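The chain contents come next:
2 protein chains.
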Amino acid sequence: MLKFDENWWFESFRGALEKRQEIESIVDKVTEEGYDNIFFLGIGGTYASSMQVVQHVKEFSAMPTFVEHAAEYMTTGNRALNKNSVVVFSSVSGTTEEVLVALKYIKEHVGARIIGFIDKENTPMGDLADYVVIYPMNEQLKFFMLADRFMWNRGDFDDYEALYEELDAHLPAALVDVEKRADGFGKAFAEKHHKDEMHYFIGAGNQMGATYSYAMCYWEEQHWIRTKSIHAAEFLHGTLEIIDRDTNVTLFLGEDSQRPLAERVKAFLPRICGNCTFIDTKDYPLEGISQRFRGHISHLVMMAVNRRIDAHLEKINCHPVEIRRYYRKLNY
Amino acid sequence: MLKFDENWWFESFRGALEKRQEIESIVDKVTEEGYDNIFFLGIGGTYASSMQVVQHVKEFSAMPTFVEHAAEYMTTGNRALNKNSVVVFSSVSGTTEEVLVALKYIKEHVGARIIGFIDKENTPMGDLADYVVIYPMNEQLKFFMLADRFMWNRGDFDDYEALYEELDAHLPAALVDVEKRADGFGKAFAEKHHKDEMHYFIGAGNQMGATYSYAMCYWEEQHWIRTKSIHAAEFLHGTLEIIDRDTNVTLFLGEDSQRPLAERVKAFLPRICGNCTFIDTKDYPLEGISQRFRGHISHLVMMAVNRRIDAHLEKINCHPVEIRRYYRKLNY
Chain V
23 MLKFDENWWF ESFRGALEKR QEIESIVDKV TEEGYDNIFF LGIGGTYASS MQVVQHVKEF
83 SAMPTFVEHA AEYMTTGNRA LNKNSVVVFS SVSGTTEEVL VALKYIKEHV GARIIGFIDK
143 ENTPMGDLAD YVVIYPMNEQ LKFFMLADRF MWNRGDFDDY EALYEELDAH LPAALVDVEK
203 RADGFGKAFA EKHHKDEMHY FIGAGNQMGA TYSYAMCYWE EQHWIRTKSI HAAEFLHGTL
263 EIIDRDTNVT LFLGEDSQRP LAERVKAFLP RICGNCTFID TKDYPLEGIS QRFRGHISHL
323 VMMAVNRRID AHLEKINCHP VEIRRYYRKL NY
Chain L
23 MLKFDENWWF ESFRGALEKR QEIESIVDKV TEEGYDNIFF LGIGGTYASS MQVVQHVKEF
83 SAMPTFVEHA AEYMTTGNRA LNKNSVVVFS SVSGTTEEVL VALKYIKEHV GARIIGFIDK
143 ENTPMGDLAD YVVIYPMNEQ LKFFMLADRF MWNRGDFDDY EALYEELDAH LPAALVDVEK
203 RADGFGKAFA EKHHKDEMHY FIGAGNQMGA TYSYAMCYWE EQHWIRTKSI HAAEFLHGTL
263 EIIDRDTNVT LFLGEDSQRP LAERVKAFLP RICGNCTFID TKDYPLEGIS QRFRGHISHL
323 VMMAVNRRID AHLEKINCHP VEIRRYYRKL NY
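Residue numbers (this note's numbering), protein chains in the order written: chain V, 23 to 354; chain L, 23 to 354.
Hints were generated in silico from the structure; no laboratory data involved. There could be a bad hint or two in this list.
Copies of the same chain are indistinguishable here, so a pair counts whether it falls within one copy or spans any two.
Pairs of lysine-lysine, DSBU-like flavour, derived with a Cα cap of 30 angstroms [claimed, not checked]:
hint, residue 1, residue 2
1, Lys304, Lys142
2, Lys142, Lys217
3, Lys351, Lys105
4, Lys304, Lys209
5, Lys202, Lys126
6, Lys217, Lys105
7, Lys105, Lys209
8, Lys304, Lys129
9, Lys126, Lys288
10, Lys51, Lys25
11, Lys41, Lys351
12, Lys126, Lys41
13, Lys202, Lys105
14, Lys214, Lys126
15, Lys105, Lys25
16, Lys105, Lys304
17, Lys41, Lys304
18, Lys351, Lys202
19, Lys51, Lys351
20, Lys129, Lys337
21, Lys126, Lys337
22, Lys142, Lys209
23, Lys217, Lys129
24, Lys126, Lys209
25, Lys337, Lys41
26, Lys288, Lys51
27, Lys214, Lys129
Since this is a predicted model, take the numbers as computed values, not measurements.
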């Protein structure tokens, strides 16, 4: 299978889940100290992951949990973010400019506790955090583990132990299996859409951050293909008018609370569009994962499917995903 | 001037400002009773207006003020929305399906106080509200007047009286003047872009809701031209990679706290794009409006400029803005 080392992915997921003990000890300490609210601070891809986890929390808890955009924070500010707040961020490089500046400001002028997930040791962002968890990739899983523990500590997430018992035992194999099952689809999809002048991605619930991020951080940034991402419920209030028979449209269907919003679009779209694709997490068995927990990991399932599209798109288009035209090539 | 009755617009703005007394009495009563938080409930265009007012509040206050999406609310729910919450909505028709359903649910099962702005009397949504303000159009102005009064009552907006004294005296004429000054630009822009296969709109701050809404509710829904809207700070984290010399890009620059984020894009964009337009509210005099208040009304200024584009686009494209392909034509 193209660009797929089964063992490597299995170990990547397994290792991420093993960081849970470390995350729990941080969250439990912060919970004991008390906090007013939690801000997931991000930009670009990490902003999208933040949207996903905040949406997830909203399903289960009134815990005051927000997305804060690093660049917006440094201009508008946020008066609700105070020294009794918790700021959570994630970074691959540990150097993203806007987030680094915001963290410095928070450290020096606000005094909120900062928890960072960074892919590697010894980074400028790591130095600013009160707590750092070092582990590569798996950003959403890290965010969800942290948020779930915070919710459990508040009594809002009774399933915490049962959920993670299952994930520890079955998630790595289940996600590897998804990728293997999705390879044929990914290849056919990439062959059909690799020359698209424009592609619409639609999603809802914890797929919305994934939709936003897949369209922008993968197709636009890595494949240089134009996209628009739109929430399923919003799609029906404007964007639908520019859809016709040949428009390239892909709808992500997950299994969380907002699945009905995606299903509404699924029922309608084929009436006006002859070129739409539905990617539905329900099509993947996820052995060992209970029905009631499938929604919690829908975004991870979708990501596994999308990785197969990416692998084939990269090859067909002869466009290595590492290259950028402008990002970190020019100063701006 | 095409599709422009100066007197009608002047009276429309003036009449909206005159609703302030009615709004104040509602807000003062709710403030006296006390409230936990305020939710602007919307979908599509009213969701965009909600984003604008929540962003505006964030500049001045820690007042817990949120956007709640009507369709998301009916699936995911929102545990922070309780009987001590205030729910604010706006509607032209008073019948928008998703908002109507959400309001019914809130009325029957939550008991939060509901304040509605509706364009006309005797609507299903009006019947569900505890307080209704009837006045056509001017949605953002209504939302801002309400939010500013709430902030003033908390002691977070000392400028309230000075601001509205100026707006009452000068805003209607200033906005009419913007539209007259922008007509030549609007015509030239429409002539240049009326056949665009794709157009990118970029904005920040209280322009972000306007950017989202202008792209989706005007170009996509009314002109049937494809667009993508993106926040200025996010544009630099992905979308920039698909911009080249000929890409149609328009950047909205307002005068609120996030202007620097738009200015950063303005400085960079011409290096990679030979087809970008900057629409800057600073280019309009707004006679009688103090420098420090210009940011508060940047979104209204931008909307006035965009109305000139719309008028010419409609004529050049022989595409009446009232027609829809699908919305309210099909059941879905």
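Consistency of the hints with the structure:
For the homomeric pair Lys304 and Lys142, neither the shortest alpha-carbon distance inside one copy (34 angstroms) nor that between copies (44 angstroms) is at most 30 angstroms. For a Cα distance limit of 30 angstroms, the shortest separation of Lys142 from Lys217 qualifies neither inside one copy, at 36 angstroms, nor across copies, at 48 angstroms. Proximity of Lys351 and Lys105 under a CA criterion of 30 angstroms is satisfied in neither setting, with 37 angstroms inside one chain copy and 52 angstroms between copies. With identical chains, the CA atoms of Lys304 and Lys209 are at most 30 angstroms apart within one copy only, with a shortest distance of 20 angstroms there and 50 angstroms across copies.
Taking CA atoms no more than 30 angstroms apart as the test, Lys202 paired with Lys126 passes in neither setting, with 43 angstroms inside one copy and 46 angstroms between copies. Taking CA atoms no more than 30 angstroms apart as the test, Lys217 paired with Lys105 passes in neither setting, with 50 angstroms inside one copy and 52 angstroms between copies. Taking the shortest Cα distances, Lys105 and Lys209 never come within 30 angstroms of each other, neither inside one copy (50 angstroms) nor across copies (51 angstroms). For the homomeric pair Lys304 and Lys129, neither the shortest alpha-carbon distance inside one copy (43 angstroms) nor that between copies (35 angstroms) is at most 30 angstroms.
With identical chains, the CA atoms of Lys126 and Lys288 are at most 30 angstroms apart between copies only, with a shortest distance of 26 angstroms across copies and 45 angstroms within one. In the homo-oligomer, the alpha carbons of Lys51 and Lys25 never lie at most 30 angstroms apart, since the shortest distance is 40 angstroms inside one protomer and 63 angstroms across protomers. For the homomeric pair Lys41 and Lys351, neither the shortest alpha-carbon distance inside one copy (34 angstroms) nor that between copies (52 angstroms) is at most 30 angstroms. Taking the closest pair of Cα atoms, Lys126 and Lys41 come within 30 angstroms of each other only inside a single copy of the chain (26 angstroms); across copies the shortest separation is 44 angstroms, beyond that limit.
For the identical chains of this complex, Lys202 and Lys105 are neighbours neither inside a copy (46 angstroms) nor across copies (49 angstroms), given an alpha-carbon limit of 30 angstroms. For the identical chains of this complex, Lys214 and Lys126 are neighbours neither inside a copy (46 angstroms) nor across copies (44 angstroms), given an alpha-carbon limit of 30 angstroms. Taking identical chains as interchangeable, the C-alpha atoms of Lys105 and Lys25 are never at most 30 angstroms apart, the minima being 45 angstroms within one chain and 53 angstroms between chains. For the identical chains of this complex, Lys105 and Lys304 are neighbours neither inside a copy (43 angstroms) nor across copies (36 angstroms), given an alpha-carbon limit of 30 angstroms.
When the C-alpha separation of Lys41 and Lys304 is checked against a cutoff of 30 angstroms, the pair qualifies only within one copy, where the shortest distance is 28 angstroms, while the shortest distance between copies is 51 angstroms. Proximity of Lys351 to Lys202 under the C-alpha cut-off of 30 angstroms is found in neither arrangement, the shortest distances being 35 angstroms within a copy and 42 angstroms between copies. For the homomeric pair Lys51 and Lys351, neither the shortest alpha-carbon distance inside one copy (41 angstroms) nor that between copies (56 angstroms) is at most 30 angstroms. Proximity of Lys129 and Lys337 under a CA criterion of 30 angstroms is satisfied in neither setting, with 44 angstroms inside one chain copy and 55 angstroms between copies.
Neither within a single protomer nor between protomers do Lys126 and Lys337 lie at most 30 angstroms apart by alpha-carbon distance, with minima of 40 angstroms and 52 angstroms respectively. When the C-alpha separation of Lys142 and Lys209 is checked against a cutoff of 30 angstroms, the pair qualifies neither within a copy, at 32 angstroms, nor between copies, at 53 angstroms. Neither within a single protomer nor between protomers do Lys217 and Lys129 lie at most 30 angstroms apart by alpha-carbon distance, with minima of 46 angstroms and 50 angstroms respectively. In the homo-oligomer, the alpha carbons of Lys126 and Lys209 never lie at most 30 angstroms apart, since the shortest distance is 44 angstroms inside one protomer and 46 angstroms across protomers.
Taking the shortest Cα distances, Lys337 and Lys41 never come within 30 angstroms of each other, neither inside one copy (34 angstroms) nor across copies (61 angstroms). For a Cα distance limit of 30 angstroms, the shortest separation of Lys288 from Lys51 qualifies neither inside one copy, at 44 angstroms, nor across copies, at 45 angstroms. For the homomeric pair Lys214 and Lys129, neither the shortest alpha-carbon distance inside one copy (49 angstroms) nor that between copies (48 angstroms) is at most 30 angstroms.
Violated hints for the displayed structure, listed by number in ascending order: 1, 2, 3, 5, 6, 7, 8, 10, 11, 13, 14, 15, 16, 18, 19, 20, 21, 22, 23, 24, 25, 26, 27.
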